[in-house]
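Engineer: Residues per chain, in single letters:
6 protein chains.
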Amino acid sequence: MLNSSLTGFMGCNASYEEAEIVLFGAPFDSTASFRPGTRFASRAMREASFGLETYSPYLDADLEDRAVFDAGDPELCIGDSALALGEIGRVSRQIFSDGKLPVLLGGEHLVTLGVVREAVKKYADLHIIHFDAHTDLREDYLGARLSHATVLRRCWELLGDGRIHQFGIRSGLKAEFEWSKDHTFLHRFGFEGLEQTVRSLSGQPVYLTVDLDVMDPSVFPGTGTPEPGGVTFLELMTAVRTVAQGCNLIGADLVELSPALDQSGVSTIVACKLLRELLLELPHQKKNNI
Amino acid sequence: MLNSSLTGFMGCNASYEEAEIVLFGAPFDSTASFRPGTRFASRAMREASFGLETYSPYLDADLEDRAVFDAGDPELCIGDSALALGEIGRVSRQIFSDGKLPVLLGGEHLVTLGVVREAVKKYADLHIIHFDAHTDLREDYLGARLSHATVLRRCWELLGDGRIHQFGIRSGLKAEFEWSKDHTFLHRFGFEGLEQTVRSLSGQPVYLTVDLDVMDPSVFPGTGTPEPGGVTFLELMTAVRTVAQGCNLIGADLVELSPALDQSGVSTIVACKLLRELLLELPHQKKNNI
Amino acid sequence: MLNSSLTGFMGCNASYEEAEIVLFGAPFDSTASFRPGTRFASRAMREASFGLETYSPYLDADLEDRAVFDAGDPELCIGDSALALGEIGRVSRQIFSDGKLPVLLGGEHLVTLGVVREAVKKYADLHIIHFDAHTDLREDYLGARLSHATVLRRCWELLGDGRIHQFGIRSGLKAEFEWSKDHTFLHRFGFEGLEQTVRSLSGQPVYLTVDLDVMDPSVFPGTGTPEPGGVTFLELMTAVRTVAQGCNLIGADLVELSPALDQSGVSTIVACKLLRELLLELPHQKKNNI
Amino acid sequence: MLNSSLTGFMGCNASYEEAEIVLFGAPFDSTASFRPGTRFASRAMREASFGLETYSPYLDADLEDRAVFDAGDPELCIGDSALALGEIGRVSRQIFSDGKLPVLLGGEHLVTLGVVREAVKKYADLHIIHFDAHTDLREDYLGARLSHATVLRRCWELLGDGRIHQFGIRSGLKAEFEWSKDHTFLHRFGFEGLEQTVRSLSGQPVYLTVDLDVMDPSVFPGTGTPEPGGVTFLELMTAVRTVAQGCNLIGADLVELSPALDQSGVSTIVACKLLRELLLELPHQKKNNI
Amino acid sequence: MLNSSLTGFMGCNASYEEAEIVLFGAPFDSTASFRPGTRFASRAMREASFGLETYSPYLDADLEDRAVFDAGDPELCIGDSALALGEIGRVSRQIFSDGKLPVLLGGEHLVTLGVVREAVKKYADLHIIHFDAHTDLREDYLGARLSHATVLRRCWELLGDGRIHQFGIRSGLKAEFEWSKDHTFLHRFGFEGLEQTVRSLSGQPVYLTVDLDVMDPSVFPGTGTPEPGGVTFLELMTAVRTVAQGCNLIGADLVELSPALDQSGVSTIVACKLLRELLLELPHQKKNNI
Amino acid sequence: MLNSSLTGFMGCNASYEEAEIVLFGAPFDSTASFRPGTRFASRAMREASFGLETYSPYLDADLEDRAVFDAGDPELCIGDSALALGEIGRVSRQIFSDGKLPVLLGGEHLVTLGVVREAVKKYADLHIIHFDAHTDLREDYLGARLSHATVLRRCWELLGDGRIHQFGIRSGLKAEFEWSKDHTFLHRFGFEGLEQTVRSLSGQPVYLTVDLDVMDPSVFPGTGTPEPGGVTFLELMTAVRTVAQGCNLIGADLVELSPALDQSGVSTIVACKLLRELLLELPHQKKNNI
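Chains as they are written, first to last, in my numbering: chain A, 5 to 294; chain B, 5 to 294; chain C, 5 to 294; chain D, 5 to 294; chain E, 5 to 294; chain F, 5 to 294.
FYI, nobody ran anything at the bench for these hints, they're computed from the structure.
None of these values were measured; they are calculated from a predicted model.
Some hints could be false.
A pair holds if it fits inside one copy or across any two, identical chains being indistinguishable in the list.
The calculated SDA-like cross-link candidates involving lysine to any residue, where the alpha carbons are at most 25 Å apart (straight line), are [to be verified]:
id : residue 1 : residue 2
1  : 185       : 60
2  : 125       : 199
3  : 126       : 208
4  : 185       : 124
5  : 178       : 252
6  : 125       : 54
7  : 185       : 22
Generate coordinates for the entire structure from the input sequences, incorporating the hints supplied.
Structural biologist: The following block contains the structure:
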């Protein structure tokens, strides 16, 4: 008899039952305002991960030693944001209720809202650490309240003032920057202040959302709205580690990879490496805090 | 003093007042189920038309001799189909009420619904001639009723049985083909029967919707869901001419060009040539029938 | 609990036990003499098939009604042809011994040899029908006997004279064309003579190998060594049907799709459609003959 | 000691002295009005020819049996048409004066003028057979008299009325089509009338200029101004053969391949195959007529 | 009635009369010696700017608050450098004579000469600050005196010794570096010495020409002759600010973006962001000095 | 008479007899485990070098003043590693026996073994300095002992412990990192320790192998297995200079450029510039030590 060799992200070969972490994709990009394509990110990352090493020389740790289940991609309704978020919520709810930690692969940034809505039900005092080039704080976008450009504003409605910590921001409306002064902690251009933020959140539940366009387009061109002047891969990897080691992470996501925009494939590999490092840090964190 | 040299589609330099035909784009592709990108079609066509000839050796006629106004692209709400269709409807309503003929450049096929909703208000006995590789007759798509895959079904709800004439169809669910037997005239694979259809519609108002993927992907690869086994450029050009010369056309559209999927630019040029031929036929038709 | 949504080729959701047909990929292209890349074909086809319809309006049949298992891709040793062919043989042997019919997705054309070696053990009187632009009859290629350019010559060594029926051939060394006169039935340029060949093989076991570059590069540019002057998609689909309906097919393959060479994705979709038609024809054939 | 293995177009390994035909490239595209890039054509064809067969199954003849010298590409002054044409003229003059036959690889169509100026000095009664999608008969282009869009008009100034025979034409200004009625033989859309033309030119010196965009963009997308509705590869190959076998060809060119516009590489290979067929026909012709 | 929605660069919506700055494109690249394509830069920048923010968090300023008119692109004669420069001169003359400040978008670097010829008529004591990877100081290029490779040499003929200040230079002939020692101030590799230069030019009229290939190809791959070892986006943005704030700028240009060479679109966006920052600084400068 | 203008890498116009350095390509990539294509690197570098300057402003030296012969590419058997390495060995043996210095352009990294096998015959005390992102120290790769992933392990078998000095390494199996502790000097991530290594090797024969993926993919995306977190172009150029000036180099290679993966062409140009700098340093070194 033959077994199927169809597989998920590299090294994520735990069963759902034994897994501490559950990875899943959210192939949705209907509100992308410039160039869509992030719906292909999770599948492109699984495909590209096939040839990559599971061992990290940065951490001297191997993904084969972690218990991660890759649930694949739920089928999301392209073109209807409310239906798509509902389905992401359904998956997230299951993961949280089984005491596991969700890691979401976008998709556009709006998908984060699907997880956060569930997270906040379980963790009333939730904080969000947000790495991004863009503010994402609009009240609406051409009339639509559910949009990649409004996602953190929608999260703020759930969490309230002082719960969202933004880093790397270098693009947005003037009005968004003004609004943020009263409602979020917005750090421009880089990660200055991150260590202090992490210390201040000690013990509290934190969700980490990484819009990969926080990186400079030189190393990450494969995204819909690239912004020059961003952070390097090593700076982002270090920042993720700082958060993962210092906070009580209860979930995380990587969003806005648009594979076809980078014909060289580098952006997809950068996202895979970052995911590997994140997954390697997560269980360690989890064991410490739960 | 300097005047701006920013211009619309080649040869479309009439003012709105003097124009018989009004061209406008619909940069919307939020429900594209496979690969989005049609939102860039209208702008890509204007750009590529810059170097093309306005004269048609097929018709021995010149676009410079026609009165066409290019209204540009209204700003559509990406991610919210209802809002986007509303805006397309607003523009169409104005054009119809001013006694002009709208020609819409998609965008995905859903945008057709925005024009048809207005057309049916003015022309109660409207027929639709539909060139496409796909049936587009689903009741819903993953729960969404407004979708490129349902657009002709939504049109049918407005028009009723026996008003939609489909040609070139070679892909769809089995259930769609079954359903069509009672509700539309569906012609598989090519244009067989088109001349007879055109004769049967003599004098009645007709809207022509051309999903460019009715063409074989060999000459038109730049579309989200290409289907081999399609018609040639010359067959499509002839079919468009058959309709334009034989029917009382009250509006038309060309949809589903996705420029970035064809790096050679051929697909965009094919769409431009077809638009030129369509525009050259339209006023002739209009003068005869109104 | 969550189930994984990772899946194989569209509609191929039978278990191995219930399956009549077993699909598997051979990601190998080490001997490609011009531009490699066919190793990605099977995965690209699964990915692209996600959005395609399982229903064929050509046959009025649906892949959901067939019992096909997608075994994924065995891990092949890139760079060592003998090891890779051994692994393909191991999988094929299992399928044949379980009374099922293998359908192989290349990879380069050399992978065919891995299946044929096993097929000839089970079916001593095996014939091969070979659709291709190239002869593939060299004795060796720069010293290597195992090569895409020699694969039919190696098959001939197993089968002997008069067992290989070649169609569509339009490129090769003069010496290959000369050699073929005494050893194979080589039909130049198209499918002339195919129906007669099929009739002559009535009741005998036949393996069908389709090098997709038999098609004209206008509709199938995504291949390493494209040859203008080829057959159309509809001609190839008809020819495959002729073989599947008239012969006792005991296995088949589609090879030489190189997805990255066709940035539009059309070639991958063409291959998927052809595979759908082939799979739809096969069980019918199988039920008749076994 | 080591010899260099740097080589020219496949099978063109005669020395200059023994060669009957001299191939050379003209890497020039300064007047390209839409998308430049033909300057890379000759080098791309040499590179791609490396893996192609020198044997033609269409003609049962082999390029290895012909005496062709590949002179490489003279260094042309990009940006100054007069200087570039002067250098092409210098090379052509040498070839004509040595009693050999020049075959030029463009570059844009203007380069043809460099050879024709020399040809007409040697052959006062020269005719030109011109395969193209475009008329190329403008008096000037935005003020420039030397342009790809004016090249046949410049040739007409050298040859006079009734000497230029155009086939495949399907694009141009209305004024060009009008002008042609009194000065050239312009055949629209295809090769109708070609055999009659060839018979009428029996014994007279003929130069063949092939703008490769005469082909349909489905099989030849790699050109700056593609025109749908063109001829197939086999139709063009047959037409070239008709001319080569029926006329006294004294030179020829293939122009307007723009390799980077066709990422699949098919267009470059199509041009190589056509060049192989042309080169195979030429010496045969030459031996008959000189 | 419908108004056209065709628009220029983001936020440049002043009328010509009220504008302080006039933006225009120069779609010309006939002398590009390696890979042409810069003719598409100005249109690509307008198109890409559609989705970008007009607000700069670097300057806390918004382009909506500036008075800029986008004049579009004059029609330039491709293939004749003298005619093209004449037309650029005609536009520049008008802008200077109306007391406005021209900002030119290339096109290749030669277009700078069209503006400088007019600038030097108005400002006899003009200095040029030149950011570039290349010297551009050749006497001629393969015989042509008008070329992107000679443009600063032609400017020097108008201005004389000691008036051209070059930064970022890392490529050129040995002879150019030698020649520069007596005639220009050439600073290798980066912006060292820029602040001192700016101080030394206090109060004198300065034209700023930015060849975007001064940036490292990691962040700006979309240019014909990329040179590794360049400056970062932030370094260039800072250098432009240093010049704009410290000098009496009377005009400026950004040249050598070749959009199609960067399929990710990042290079075009980098150019747009730089243009936004430049435009935001200019009026401030202008108000101080005039 | 006409001479051929077909040429090698820029400025490499010495005859074999007068050359001190012999450049040759190794178009082989059969064992590439992820994305092949390096077989095209040497030809792409020659082509791209056509437009580049031979003068280095970094070194104030000109390649025209060096005696380098470009031998082109030997014809290697794609698909059979042993045959291909044999042919590379044959060429290397000739170069070493004629007292010249070989510089090899890959191809994949396995090709290095072909030169090293010959080098170690001539220089028994050979050391290797190895710049790479990957360890390349596997015992075998899916059963194959000859592979890009095992090449340094095969070299170690020839040289023994303590002879291989690795820099820039940031990817590999855990087992490879462990193994290296006893057998090679492995420096992670960058060039720390390089100067000390160079001093320690004073006077001993050294072969330098540069896997270009040691660079960060931001500036060198054109490689099969890009690894973020790499060194910059300037860091690599400096490191190469440190080795070339401080060691007795007896041969060198640049491998793993895969031109088609970087559509912008930047990676090929980066490799060309690095080769120019390497070639400019080598003769100086050679004159000192031999």
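Engineer: Hint by hint, note whether the structure agrees.
Structural biologist: Hints, one by one, checked against the model:
no.: 1; hint: 185 with 60; in the structure: between (39 Å within a copy, 17 Å between copies)
no.: 2; hint: 125 with 199; in the structure: neither (27 Å within a copy, 56 Å between copies)
no.: 3; hint: 126 with 208; in the structure: within (13 Å within a copy, 62 Å between copies)
no.: 4; hint: 185 with 124; in the structure: within (23 Å within a copy, 48 Å between copies)
no.: 5; hint: 178 with 252; in the structure: neither (33 Å within a copy, 28 Å between copies)
no.: 6; hint: 125 with 54; in the structure: neither (36 Å within a copy, 34 Å between copies)
no.: 7; hint: 185 with 22; in the structure: neither (44 Å within a copy, 35 Å between copies)
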